[in-house]
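*Asks:* The residues making up each chain are set out below.
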Amino acid sequence: MSTRPTLARRLNEWGLLLGVIGAVIGFIIGFAIGTIAIGNSFNTDHSLGSDPGILLGYALSALGFLAGLGFLNYPIGRLLGAKRPSEEDNAYMHGEAGGLRRYFRMTTDHKVIGLQYLVMILAFLFIGGLGAMFIRTELLTPSPTIANAQSYLTLVGLHSTLMIFMASAAIIGPFGNYFVPIMIGTRNMAFPRLEALTFWLLPPAGLILLSTVFLGGFTTGWTGYAPLADQNVLGMDAYLMGFALIGLSIGLSGLNMIATILTKRAPGMPLSRMPIFVWSVLVTSFLGALASPALIAAVLMEMFSRTYQTTFFVPAGGGSPYLWENLFWFFGHPEVYIFVIPAFGLIMEMLPVFTRKPLWGYRVGVGGMVGVGVLSFVVWQHHLFVSGLAPSLRPFYMFSTEMISVPTGIIYLVSLGTLWRARTRFSTPMLFIFAFFFNFLIGGFTGVFLSDVPSDFSLHASYFVQAHFHYTIMGAEVFALMGAIVYYLPKMTGRTMDIKLLRYQFWAVFLTFNGTFLSLIAVGILGMPRRVISYAAYLQPLNDSASIFALALGLSMALFLGILIWEVVIKQRVAAANPWESLGVEWQVPTPVPTFNFDRVPVSWSLPYDYDTGKPAADFGPVAPALTGA
Amino acid sequence: MSDVSPTGLTAIDEVEGGGHTLVFSSRVAMAANTTLQLSLLFAFLYLRANNFGGMWHPSGIGTPPQVLALISLAFPVIGVLALWAVWNAVSGSRESSAVNGLLWLALLAAVLTGAVRILLMYQFNWELDSAGTYADISTLWYAVLLGEFIGVGLWLLSLVMGHVRGTDRLSPAHARAILEQWTYITGVSIAVYLLVQYAT
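Chains as they are written, first to last, in our numbering: chain A, 1 to 630; chain B, 1 to 200.
FYI, nobody ran anything at the bench for these hints, they're computed from the structure.
All C-beta atoms, glycine included, are put in the ideal place defined by N, C-alpha and C.
What the simulated footprint calls covered on chain A by chain B, stretch by stretch (three residues with Cβ under 8 Å from a Cβ of chain B suffice, anywhere in the stretch; the number is not a length): (1) 78–84; (2) 310–320.
So these bits of chain B aren't anywhere near chain A, every CB distance computed over 10 Å: (3) T63; (4) L68; (5) S91; (6) G92; (7) L105; (8) L108; (9) I118; (10) L194; (11) L195; (12) A199.
In isolation and in its complexed conformation, chain A is listed as follows:
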């Protein structure tokens, strides 16, 4: 047996601290090289430094952070022809017997990574939410009060970009990583180190984005349109590097999930018996893996433009701003479904548990998700209806966008069909499920309006679009996220929250959310453009309504976080083993889930929705004497 930990392991215990040190050193080296060796050659004229210096500094700081965490140990070892890690090393990296400290270092256990994702996403959503509170506070009056136009635009851009960053991983990050391997009966992901990497890319991405406030901010909003992006100060570099890291994380996460789901399912689990949530993760992963390279291409072009003075997006130099718009939205529209499809998957996974009946139309629901995924690649130009799309192309993109409402509607109807004649339990997660349906209905209907060219012309870039987007993303994904936290926390942590208290919180968040964004739909119909700090006086009552509701919404979201921290971290309220009486395999394994998930992998599988007979999803078969040590 091992006596003393190796140097690599002892260093790994301090991974987070070493990562921070590595990031600082990396930034200094990158900044120096970029400024001296590259920056001077191209005569950049920013007072805080040069674009090459900042971009290279960020790139090497991210690399230094990962190196400090230990991500380079394995590849360098392979390059030197070292032996593969031993069983003992692998067990250590998996976090076996690591205690709480494994949550602060690189680990290959998908369950630890799932919880790391959950905490980090909640933290960044909180910061992004604070940004929203500032925005709504500013808009209490028609003219600027606490910010100027420049800082307001940066605030809007920061809020939206940070939320987009985190929303792209909000469901798959915590719940996909934690539950997909268990649901498909495998002990780990296909590439556990890659899985860890996709998580550890997010903190530098978020922090780099936030650092924009020290570099003058950026005024493009989350879409980063050129040529404004070319003209922005150094803060734009933070946006670009942050997005590059996020794009990388989304793509690699998608690749890993696809490989895991399609090649590592347990014997006896065909695709037709996969839980619907796993299907949603699979479809989303294809979107991530295939769409994010377009974003990376666009970001590389903009980085080249800001460092080597290329003119991809500058008409005077032969370029075109539409090139950015096309590449960005080729990624950006599937990105919307990267948010929503896993939310639908979670909702459909939870629904049979609370209706106590099988999921209605399982195969149709899967087909709907695949349909949404495929169609999401051929709708992106509806974002260019107003900005210069050739008129002859408009009918096609209008039609394809309207078409996407068909598979979306199918998914919706499958969910509603499950509710038909159900013995519904109105538990707290179920309330969030109902809210999901209500909010998504409004988000969906407003979306159909926007897919129509004439109405898009009158509503483009208004608060109507902003409210539509928030109804689909916050109203659907964030409500699904909150419901899933309540639902899955007992399995993930062995702790639970005060369900009765959460009911009050639910009604608070539901009513204030709708108060906020119904007000903004009205504001948008009345013609108020988004991203402006000043507006006409007659719009003040509606804006005030939105702001007051939004501030109350912020408080109710903070209440959720407060209950979560109080009940789970401080009070440590112990949960029952299977409080919702689910038939899913994730509830059949013990809590806490064993390090490698299963003492024995199930020998046969069925869909986890057979509430008519109460048959569990997995049959572990008779216990073989040799495996039990008998």
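For chain A, the structure is supplied; the task is to place chain B on it using the hints.
*Replies:* Frame of chain A; chain B shown alone:
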């Protein structure tokens, strides 16, 4: 030890599944890379078609040096042939010395590929702020491909080192995966060469 090897099936299945997973994942990565390449192709054709202000390819802006560009393609092709031979040998369980030699040859081709492509990019001699968008997209595309050659080359180096040092013998799945990746990038490089050289 109840957490490890729970069924007895896994000890066998995970080894075979590992090879399958590797080859499959490598192909998914190629699919993702295809989106990246198509994005660059779209940019190339879009900028060429628009030719705003006649700044697609202004007069006086040349094309990459023909001979060096061809040499930069010859080495990856040699690499493909060597890796194909490696895959054949590993699949047929031939003796290790032949595999070693072929692996070194493939690695040499990879190193020379990287070196020549860096030299080629130095020979472009374009002032990117005024050379037009042909020069911009060509430079970016060559840089992306260089990065990919370096990435796959490092992977090849790790396989060579493991095999030669005997710490990790090359499996048929690894040989196949790296052959496919290298062939894919070589194919894309040839297509990009033709585009940049002749669709000016």
